[in-house]
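Q: For reference, the chains in residue letters:
Protein chains: 2
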Amino acid sequence: MQRRSFLTTSAIGATAGVIATPAFAQINPEVKWRLASSFPKSLDTIFGAAEAFTKRVAQLTGGRFQIRQFAAGDIVPGLQVMDAVQAGTVEMGHTPSYYYFGKDPTFAFDCAVPFGLTSRQQTAWFDQGGGRDLMRDFFKGYGIINFMAGNTGTQMGGWYRKEIKSLADVKGMKIRIAGFAGRVMERMGAVPQQIPAGDVYAALEKGTIDAAEWVGPYDDEKLGLAKVAPHYYTPGWWEAGPQLSFYINIKEWEKLPAQYKAAVETASYECHVTMQAAYDTRNPSALARLIKNGAKLHTFSRAIMDEAYKISTAVMEEEAARNAKFKKVYEPWKRFRQDQNMWASVSEQTMQNYLISIGRK
Amino acid sequence: MQRRSFLTTSAIGATAGVIATPAFAQINPEVKWRLASSFPKSLDTIFGAAEAFTKRVAQLTGGRFQIRQFAAGDIVPGLQVMDAVQAGTVEMGHTPSYYYFGKDPTFAFDCAVPFGLTSRQQTAWFDQGGGRDLMRDFFKGYGIINFMAGNTGTQMGGWYRKEIKSLADVKGMKIRIAGFAGRVMERMGAVPQQIPAGDVYAALEKGTIDAAEWVGPYDDEKLGLAKVAPHYYTPGWWEAGPQLSFYINIKEWEKLPAQYKAAVETASYECHVTMQAAYDTRNPSALARLIKNGAKLHTFSRAIMDEAYKISTAVMEEEAARNAKFKKVYEPWKRFRQDQNMWASVSEQTMQNYLISIGRK
Numbered sequence: 000m001q002r003r004s005f006l007t008t009s010a011i012g013a014t015a016g017v018i019a020t021p022a023f024a025q026i027n028p029e030v031k032w033r034l035a036s037s038f039p040k041s042l043d044t045i046f047g048a049a050e051a052f053t054k055r056v057a058q059l060t061g062g063r064f065q066i067r068q069f070a071a072g073d074i075v076p077g078l079q080v081m082d083a084v085q086a087g088t089v090e091m092g093h094t095p096s097y098y099y100f101g102k103d104p105t106f107a108f109d110c111a112v113p114f115g116l117t118s119r120q121q122t123a124w125f126d127q128g129g130g131r132d133l134m135r136d137f138f139k140g141y142g143i144i145n146f147m148a149g150n151t152g153t154q155m156g157g158w159y160r161k162e163i164k165s166l167a168d169v170k171g172m173k174i175r176i177a178g179f180a181g182r183v184m185e186r187m188g189a190v191p192q193q194i195p196a197g198d199v200y201a202a203l204e205k206g207t208i209d210a211a212e213w214v215g216p217y218d219d220e221k222l223g224l225a226k227v228a229p230h231y232y233t234p235g236w237w238e239a240g241p242q243l244s245f246y247i248n249i250k251e252w253e254k255l256p257a258q259y260k261a262a263v264e265t266a267s268y269e270c271h272v273t274m275q276a277a278y279d280t281r282n283p284s285a286l287a288r289l290i291k292n293g294a295k296l297h298t299f300s301r302a303i304m305d306e307a308y309k310i311s312t313a314v315m316e317e318e319a320a321r322n323a324k325f326k327k328v329y330e331p332w333k334r335f336r337q338d339q340n341m342w343a344s345v346s347e348q349t350m351q352n353y354l355i356s357i358g359r360k
Numbered sequence: 000m001q002r003r004s005f006l007t008t009s010a011i012g013a014t015a016g017v018i019a020t021p022a023f024a025q026i027n028p029e030v031k032w033r034l035a036s037s038f039p040k041s042l043d044t045i046f047g048a049a050e051a052f053t054k055r056v057a058q059l060t061g062g063r064f065q066i067r068q069f070a071a072g073d074i075v076p077g078l079q080v081m082d083a084v085q086a087g088t089v090e091m092g093h094t095p096s097y098y099y100f101g102k103d104p105t106f107a108f109d110c111a112v113p114f115g116l117t118s119r120q121q122t123a124w125f126d127q128g129g130g131r132d133l134m135r136d137f138f139k140g141y142g143i144i145n146f147m148a149g150n151t152g153t154q155m156g157g158w159y160r161k162e163i164k165s166l167a168d169v170k171g172m173k174i175r176i177a178g179f180a181g182r183v184m185e186r187m188g189a190v191p192q193q194i195p196a197g198d199v200y201a202a203l204e205k206g207t208i209d210a211a212e213w214v215g216p217y218d219d220e221k222l223g224l225a226k227v228a229p230h231y232y233t234p235g236w237w238e239a240g241p242q243l244s245f246y247i248n249i250k251e252w253e254k255l256p257a258q259y260k261a262a263v264e265t266a267s268y269e270c271h272v273t274m275q276a277a278y279d280t281r282n283p284s285a286l287a288r289l290i291k292n293g294a295k296l297h298t299f300s301r302a303i304m305d306e307a308y309k310i311s312t313a314v315m316e317e318e319a320a321r322n323a324k325f326k327k328v329y330e331p332w333k334r335f336r337q338d339q340n341m342w343a344s345v346s347e348q349t350m351q352n353y354l355i356s357i358g359r360k
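Keeping their order, the protein sequence lines are chains A and B.
Position 79 of the first sequence, counted from 1, bears residue number 78 in numbering that gives the first Met the number 0, the numbering being contiguous throughout.
Position 33 of the second sequence, counted from 1, bears residue number 32 in numbering that gives the first Met the number 0, the numbering being contiguous throughout.
If you're looking for bench data, these hints aren't it; they were derived computationally from the structure.
For clarity, every value in this text was computed on a predicted model and none was experimentally measured.
Yeah, the Cβ is synthetic: ideal placement off N, Cα and C, and Gly gets one too.
Treat each hint with caution, since some may be false.
[Claimed, not checked] Derived lysine-lysine pairs resembling DSS-like cross-links, with alpha carbons at most 25 Å apart:
{"no.": "1", "chain 1": "B", "residue 1": "Lys254", "chain 2": "A", "residue 2": "Lys54"}
{"no.": "2", "chain 1": "A", "residue 1": "Lys260", "chain 2": "B", "residue 2": "Lys54"}
{"no.": "3", "chain 1": "B", "residue 1": "Lys31", "chain 2": "A", "residue 2": "Lys260"}
{"no.": "4", "chain 1": "A", "residue 1": "Lys54", "chain 2": "B", "residue 2": "Lys260"}
{"no.": "5", "chain 1": "A", "residue 1": "Lys254", "chain 2": "B", "residue 2": "Lys54"}
[As the list claims (entries may be wrong)] Chain B side only, calculated, beta carbon under 7 Å to chain A, not exhaustive:
{"no.": "6", "residue": "Arg55"}
{"no.": "7", "residue": "Gln58"}
{"no.": "8", "residue": "Thr153"}
{"no.": "9", "residue": "Met350"}
{"no.": "10", "residue": "Ile355"}
Could you put the whole structure together from the sequences, leaning on the hints where they help?
A: Written out as structure tokens, the structure reads:
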């Protein structure tokens, strides 16, 4: 409707020969973008939140700014979304920045690092604690501007064929895990493996791998791993609050009228809220079903957590010593984390722990 | 600029005598609203987030939808924002729904009830767990449509002249507290008092009251209560995650074009995120300063928490028994809370507790 009225108005402008209508056209141009997602449609919480984002942007621009989302593999593989946005193959992407850890570990601060921020802390850091400026400064080097676009909350620690009772059980364990966590796991004695999600079930069944990490109950349930690797561990210490991001090619971003930029900025906040809310709403019943169907819930032992933390810290300090970009983010981030955990311990956590204790009664 | 181009286009339309431009005018009318806040400008985190909301809505509508925010008392007192929106005195308000507990305790589910949801759980419930539908059905009876618009996170339990070591210390204690918490406190033997924020310091200094609750470190610091009531308790068990809301008069809402409705909906998500992120970012340093300046931090004892929980549950069950509207929300809400705390105990909390433990080292 909006489009049709614009076209008619435009025709009038041409007839009357005045500049007013072209000015309107300039402010509200028709724009069509492609968004490459790092995820398949089956991860419907993530994919669905981005889909709602594209619909909202269209609504906010009277249907004139259309963004079409493509699933991982449709245009580029899920792990190459950053490259596609950088190259301008697509204008936009939806991806977790730690996928690009191999290019520069600094990417991970935009998503999650081992023993990093919870989702609420990550949001505070990015939105109000200086994180956005630090990360955008880094992303500029890739010709990309980044936006918060969802969080899963603390992920689970994955599925294991056998119980992991002590550090000795970690030695030699073949686990499907990548990036920062893979580097830490390797130093703990495990053998990180790269296997596409679709092949995980078979690899666990055959014993080609001993363990695999994925997301959390709602997404994990679809893979059916409880049958072949029933020991379900918590917490995913490498993903306390992994943030999803929208990437936009900076040149394309700069072409947008101010109103369209505002639409993208605002709608990405909505995506950020709805994705986590959807995970939080769906995870409890999924976990209950998993347990009913044979998943055995365990918590990593204190000794394993302590060793993972010690190694994670060492890996991060080493990276900071040799990588100035990493260090520039890491130092203020570390202070922010310290402050946030102090504050959480005083208020939120005291309350949450009490609520959990009464829920157990 | 947008406005000027519209006016010129409009003039052309009139000259040409076609219907296209009036259709555009109908889609993008100039709208001016007033927003009554329940808060003074000095609560800059809350007030500022709503201000950013009004700016965003203007941006998203090319400056054609202007909302002007007024502080508490400018048009109506802070506690009468609901009435003003209902009556159409203002089109919109920004307020915590538990202020209207006296009209119907059901309002409190839109904000906070004792031992209720944390901010993340409240967001999940409202946005994806059925809360929005339940609350909007209730608000219809007041001619209002409500939106999430911020959260403070778990608040502090307030300032006390003397230590509260046991339930005996609660008996006869005059505390500035209202609504649901006031009703629970009263049954615990305390004497709830209603005192404007500006008079709290003097009342505590003179001993007219023994205690007062406000918000959290960042806002509390401005009142300077540590000097007259140094014992600072946690957690504010009556406010695990109080949500702020935007209220809009339904008749005014229905007059808006779809694009303006979308602008309000989306921008309220942004406000929801930025307010909490700002509190989270500002609270840690404020707490550190408070402690440096004499505040003595305490945690309510398990016996006090248990008694407060027992009475809170009794009060809610009684309300559900006599108030069908309350019961309609309470029953599904109770199940949601149970599920959320189970899930939090498995994943998020396990991680957060570990992060706190390493932060303390």
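Q: Hold the hint about B/Ile355 up to the distance rule: shortest CB distance to chain A must be less than 7 Å.
A: At about 4 Å, which falls below the 7 Å cut-off, the nearest Cβ of chain A leaves the hint on B/Ile355 intact, so it holds.
Q: For the pair supplied as a hint, B/Lys31 and A/Lys260, is the alpha-carbon distance within the 25 Å limit?
A: 23 Å, holds
Q: So, B/Arg55 near chain A? Judge it on the closest CB pair being under 7 Å.
A: 6 Å, holds
Q: Taking only the CA atoms, is the gap from B/Lys254 to A/Lys54 under or equal to 25 Å?
A: Holds: B/Lys254 and A/Lys54 sit about 22 Å apart, inside 25 Å.
Q: Return the status of the interface hint for B/Thr153: holds when the least beta-carbon distance to chain A is below 7 Å, violated otherwise.
A: Holds. Min distance 4 Å.
Q: Verify the proposed pairing of A/Lys260 with B/Lys54, using a straight-line Cα cut of 25 Å.
A: Roughly 14 Å separates the two Cα atoms, so the pair holds.
Q: Are B/Met350 and chain A close enough, Cβ to Cβ, to be under 7 Å, as the hint says?
A: Result: holds, 4 Å to nearest chain A Cβ.
Q: Against the 25 Å threshold, does the CA-CA distance of A/Lys54 and B/Lys260 hold or violate the hint?
A: 14 Å, holds
Q: Per the CB criterion, is B/Gln58 less than 7 Å away from chain A?
A: Constraint on B/Gln58 satisfied, holds at 4 Å.
Q: Within 25 Å, alpha carbon to alpha carbon, are A/Lys254 and B/Lys54?
A: Holds, because 22 Å separates the two Cα atoms, which is no more than 25 Å.
Hint compliance for this structure: every hint is met.
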